[in-house]
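If you want the working numbering, it's the position in the sequence shown, counting the first as 1, plus 154.
Be a bit skeptical, because a hint or two may be false.
Derived EDC-like pairs: lysine to aspartate or glutamate, alpha-carbon spacing no greater than 20 Å straight-line [what the hints assert, rightly or not]:
#1 419 <-> 434
#2 203 <-> 183
#3 203 <-> 213
#4 308 <-> 213
#5 203 <-> 222
Label pairs and their computed distance ranges (CB to CB) [what the hints assert, rightly or not]:
#6 165 <-> 344: 13 to 23 Å
#7 282 <-> 441: 36 to 46 Å
#8 431 <-> 280: 32 to 42 Å
#9 231 <-> 407: 22 to 32 Å
#10 405 <-> 428: 20 to 30 Å
#11 386 <-> 336: 14 to 24 Å
#12 202 <-> 380: 39 to 49 Å
#13 202 <-> 437: 29 to 39 Å
#14 174 <-> 431: 20 to 30 Å
Hints were generated in silico from the structure; no laboratory data involved.
Where a beta carbon is used, it is the ideal one built from N, C-alpha and C, also for glycine.
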Amino acid sequence: MSALGAWTTTPGDVIDAHLHLFTVRIFEEYLEANPEAAERYKKVWSERKIGPHGEDLPDLDPEAMAVEYARTLEDAGVSRGVVVSVFPDSEYVRGFATAAEGRIAVLCNVDPRDPSAPELLEREIGAGMKGVKLLPVNRCYRLSDPACWPFFEKAAELETAIIVHYGVTVDPTGDLRYADPIDLSPVARDFPEVTFVIAHFGAGYLDQVLNLGYQCKNVCVDSSGTNNWMDKMVQPLTLADVFERSVCALGPERVLFGTDSGTMKPYRKWIKYQQVRTLEEIGLSEADRDLVLRGNAVRIFGLEE
Numbered sequence: 155m156s157a158l159g160a161w162t163t164t165p166g167d168v169i170d171a172h173l174h175l176f177t178v179r180i181f182e183e184y185l186e187a188n189p190e191a192a193e194r195y196k197k198v199w200s201e202r203k204i205g206p207h208g209e210d211l212p213d214l215d216p217e218a219m220a221v222e223y224a225r226t227l228e229d230a231g232v233s234r235g236v237v238v239s240v241f242p243d244s245e246y247v248r249g250f251a252t253a254a255e256g257r258i259a260v261l262c263n264v265d266p267r268d269p270s271a272p273e274l275l276e277r278e279i280g281a282g283m284k285g286v287k288l289l290p291v292n293r294c295y296r297l298s299d300p301a302c303w304p305f306f307e308k309a310a311e312l313e314t315a316i317i318v319h320y321g322v323t324v325d326p327t328g329d330l331r332y333a334d335p336i337d338l339s340p341v342a343r344d345f346p347e348v349t350f351v352i353a354h355f356g357a358g359y360l361d362q363v364l365n366l367g368y369q370c371k372n373v374c375v376d377s378s379g380t381n382n383w384m385d386k387m388v389q390p391l392t393l394a395d396v397f398e399r400s401v402c403a404l405g406p407e408r409v410l411f412g413t414d415s416g417t418m419k420p421y422r423k424w425i426k427y428q429q430v431r432t433l434e435e436i437g438l439s440e441a442d443r444d445l446v447l448r449g450n451a452v453r454i455f456g457l458e459e
């Protein structure tokens with residue numbers, strides 16, 4: 155059993171399946187490996203602040219960060235968490251994953267176009283990562299690009315779960331030409347061994363996500379974030395509408411809970427409260443609520459293996 159918390163969870167527990175990890179040392183490590191990185195990353199590192207409101211970046215080593223993160227989750231009533239990486243091949247993130255001892259699982263980040271992506275993926279999974287986070291809209295690529303196929307072949311071999319960010323983004327360098335989840339269709343079709351979780355209900359592309367999920371049974375969604383993309387829809391939507399349509403189209407076994415919380419602000423307890431309450435209000439059974447709030451994350455990311 156981990157020193158930071160139990161390896162196993164039980165019905166009634168909550169797993170946050172979409173969290174972030176940003177620290178001064180992660181940016182420092184990234185800039186050392188990528189000296190020609192975007193100026194905004196250099197600005198974040200030099201000012202020790204991130205985001206539109208200039209939140210302070212923590213400056214802790216991986217071990218101390220793991221302890222602090224576990225304490226934050228415990229205070230929020232969250233049994234376990236899944237952190238998604240945004241930079242590839244991070245020694246800091248691997249150290250954090252080791253120090254978290256299973257209380258907090260970590261998904262690595264890979265550029266699937268890179269010829270070395272299959273090798274990096276195998277090393278990361280071997281190091282204890284529980285899956286991958288891909289950012290096509292942020293990094294401006296299409297997962298249907300044939301250059302990505304060797305990466306997906308390795309992911310299929312390893313049965314690696316993948317979270318994908320499609321839709322709108324706060325990243326100023328994002329490009330909405332790469333935001334449509336329908337691009338995933340041939341990939342999900344050809345690699346049924348891989349489970350794909352589309353973050354934030356598709357962040358403005360809910361219709362496309364549900365159509366894709368109808369076609370490909372290995373496509374899931376997570377509920378993470380404020381979901382303020384709903385405010386921009388032509389047809390009004392409430393969070394209850396989004397949950398109901400997702401559960402109806404995909405089944406409760408393909409919807410995962412998340413808050414998109416990070417290390418710069420307090421845990422988003424209000425999002426957790428709002429989503430738990432909404433699942434109750436739409437009449438989801440206790441067993442199905444447990445799938446969304448805990449069980450699906452355990453199964454998809456192999457959290458109790």
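Worksheet item: What are the numbers of the hints the structure violates, in ascending order?
Response: Of the numbered hints, 1, 4, 6, 7, 12, 13 do not hold.
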